[in-house]
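Novice: One-letter residues, chain by chain:
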Amino acid sequence: MDIDYIKTLQPEKIAEEVYKKNVELLEQRRRTEQLLYWVSELIFAVDDKYNITLFNHTAERLLKKNSSDVLGKNANEIIKLRTDKGQPITVEEYTFQGDPSKGSLEGAILTGVDQDFFVNVKTSVIQLQDSKECLITLVDVTKEKQLDKTKDDFISITSHELRTPLTIIKSYLWMLEQGRGGPMNEKQTGYLSKAIRGAERMLNLVNDTLNLARIEQGKIAFKMEQITLNDFFKEILEEFKIKTDEKGLYLKLNVGAGVPNIYADRNKLREIIINFLGNSIKFTQEGGISIAAEKVNHDTVKILVTDTGKGISREDIPRLFSKFGRLDNSYQTIAETGGTGLGLYITKSLVERMGGRIGVSSDGVGLGSTFWFTVTGVDSEATICTLIQG
Amino acid sequence: MELVKEIVKEQSLIIGENLARQMAIESGVVKFNSSKIDDLTVTEPNRDMAIEKLIGSYKELFGQASVEVCMNVIKKFPQKK
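So the sequences go chain by chain: A and B. Residue numbers are given in the UniProt record's numbering: position 327 of the first sequence equals residue 327, and the series is strictly consecutive. Residue numbers are given in the UniProt record's numbering: position 66 of the second sequence equals residue 66, and the series is strictly consecutive.
The hints are simulated quantities; they were obtained by calculation from the structure and are not laboratory data. Virtual Cβ for every residue (Gly too), placed ideally from N, Cα, C. It cannot be assumed that every hint is accurate.
[Unchecked claim] SDA-like mimics (lysine to any residue), calculated; alpha carbons at most 25 Å apart, straight line:
id	chain 1	residue 1	chain 2	residue 2
1	A	13	B	73
2	A	20	B	37
3	A	170	A	180
4	A	13	B	72
5	B	59	A	17
6	A	85	A	115
7	A	20	B	65
8	A	65	A	23
9	A	65	B	6
10	A	145	A	72
11	B	76	A	170
12	B	75	B	6
13	A	21	B	48
14	B	36	A	72
[What the hints assert, rightly or not] Derived Cβ-Cβ restraints for the label pairs, each shown as a range:
id	chain 1	residue 1	chain 2	residue 2	range
15	B	48	A	35	45 to 51 Å
16	A	30	B	33	26 to 32 Å
17	B	31	A	106	51 to 57 Å
18	B	22	A	114	45 to 51 Å
19	B	48	A	40	38 to 44 Å
Given the sequences, and given the hints that come with them, work out the whole structure.
Specialist: Here it is as structure tokens:
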């Protein structure tokens with residue numbers, strides 16, 4: 001608007017122009033508020049004192065509270081989040097975080113009035129003219145979680161039901177193969193051994209699936225104890241020596257000087273090592289396998305299983321530890337190796353549940369590979385006390 | 001009278017509470033009971049008269065644009081027959 005024109009205006013006209021502009025601004029504000037208010041995600045915002053400045057319709061609906069009653073209140077009084085282990089999560093923990101990973105949560109539990117909700121949380125910091133606010137979005141994933149649980153229950157029950165008849169089938173086939181049911185000719189014995197291998201593979205798959213379901217449902221208990229690595233490895237290596245000798249492979253053990261005892265569940269640790277060793281033997285035709293343990297720092301020990309086998313290409317490494325992440329899914333490979341594609345995924349879950357990390361390195365196809373994981377080292381009495389109390 | 005309250009509230013969002021309150025008082029149809037903008041009593045018993053005077057008061061200062069804002073509020077409150 002021209003300034004000379006404005007100077008000619010009567011005060012009433014100026015008031016009317018300002019009024020019209022304010023009406024426009026009010027309409028814009030209302031439209032923005034309505035968009036935020038009606039989105040299907042629960043959205044709220046807090047100021048730098050963690051007081052609520054915005055509370056949308058989904059928030060009102062899920063928490064059965066009116067926005068007019070909660071605006072200005074501390075968010076911790078209204079939004080009650082906790083971890084799946086029941087640990088409360090305060091608003092200070094996930095808002096105004098510079099690190100994006102700290103500003104988001106997955107599978108948190110939101111306390112509602114009649115029911116609780118599983119939610120994924122995302123936050124963004126909004127810099128205003130002279131202050132800042134944090135916008136928090138909670139996506140309700142309760143249905144997805146329930147579906148997951150139904151699926152896990154189904155797998156768990158089905159696996160249980162499959163295991164018993166499969167064990168019976170395998171036992172009778174074995175008895176037949178042993179000649180307990182009378183003499184068998186060569187052709188019949190050949191058929192039987194194929195049937196036994198098939199039943200074994202299926203039983204392995206069922207067992208792995210069942211283990212997986214238990215791990216994912218948190219139903220596996222860990223009995224942590226102090227373990228001396230040298231003794232532990234010698235015990236396992238005795239079992240595997242027969243297999244490596246059969247294939248003409250060497251099997252070496254190297255527990256470095258100063259490697260402390262470790263704190264782990266003996267059976268789970270055994271399962272992890274057996275999985276690594278089993279894979280190495282399967283995929284190594286020449287050379288051999290060595291197991292090593294080294295101290296990373298005062299409370300961490302790294303265990304490495306290195307082989308001179310098939311190796312892994314760089315691009316295949318990321319999917320190795322995923323469910324059914326077998327690299328070569330051809331029927332031929334499955335038939336030859338007898339694996340289920342779940343072993344490394346289960347191993348990873350076990351390592352992580354014991355507080356460790358897992359990984360693999362390889363210089364490429366045909367150049368062998370090193371699978372490793374970390375476990376808690378027990379360096380002193382003080383560490384043991386902390387671990388037991390923890 | 002709910003409609004009068006809503007008109008005053010809506011006007012307060014555009015011109016601010018102080019001005020909206022002042023213009024409503026000047027219309028001579030309302031009395032405020034507290035500092036809250038919607039805590040008021042309509043003193044004019046005739047509904048149509050009350051609304052006309054209230055709108056007139058806003059129109060005097062802010063023109064036709066303020067009448068349209070009031071009309072939008074009225075549309076949300078259909079008169080009971």
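Novice: Look at each hint and say if it fits the structure.
Specialist: Consistency of the hints with the structure:
no.: 1; hint: A/13 to B/73; verdict: holds (23 Å)
no.: 2; hint: A/20 to B/37; verdict: holds (21 Å)
no.: 3; hint: A/170 to A/180; verdict: holds (14 Å)
no.: 4; hint: A/13 to B/72; verdict: holds (22 Å)
no.: 5; hint: B/59 to A/17; verdict: holds (13 Å)
no.: 6; hint: A/85 to A/115; verdict: holds (17 Å)
no.: 7; hint: A/20 to B/65; verdict: holds (6 Å)
no.: 8; hint: A/65 to A/23; verdict: violated (30 Å)
no.: 9; hint: A/65 to B/6; verdict: holds (23 Å)
no.: 10; hint: A/145 to A/72; verdict: violated (32 Å)
no.: 11; hint: B/76 to A/170; verdict: violated (77 Å)
no.: 12; hint: B/75 to B/6; verdict: holds (11 Å)
no.: 13; hint: A/21 to B/48; verdict: violated (29 Å)
no.: 14; hint: B/36 to A/72; verdict: holds (18 Å)
no.: 15; hint: B/48 to A/35: 45 to 51 Å; verdict: violated (37 Å)
no.: 16; hint: A/30 to B/33: 26 to 32 Å; verdict: holds (28 Å)
no.: 17; hint: B/31 to A/106: 51 to 57 Å; verdict: holds (56 Å)
no.: 18; hint: B/22 to A/114: 45 to 51 Å; verdict: holds (47 Å)
no.: 19; hint: B/48 to A/40: 38 to 44 Å; verdict: holds (43 Å)
Consistency note: the structure conflicts with the earlier hints numbered 8, 10, 11, 13, 15.
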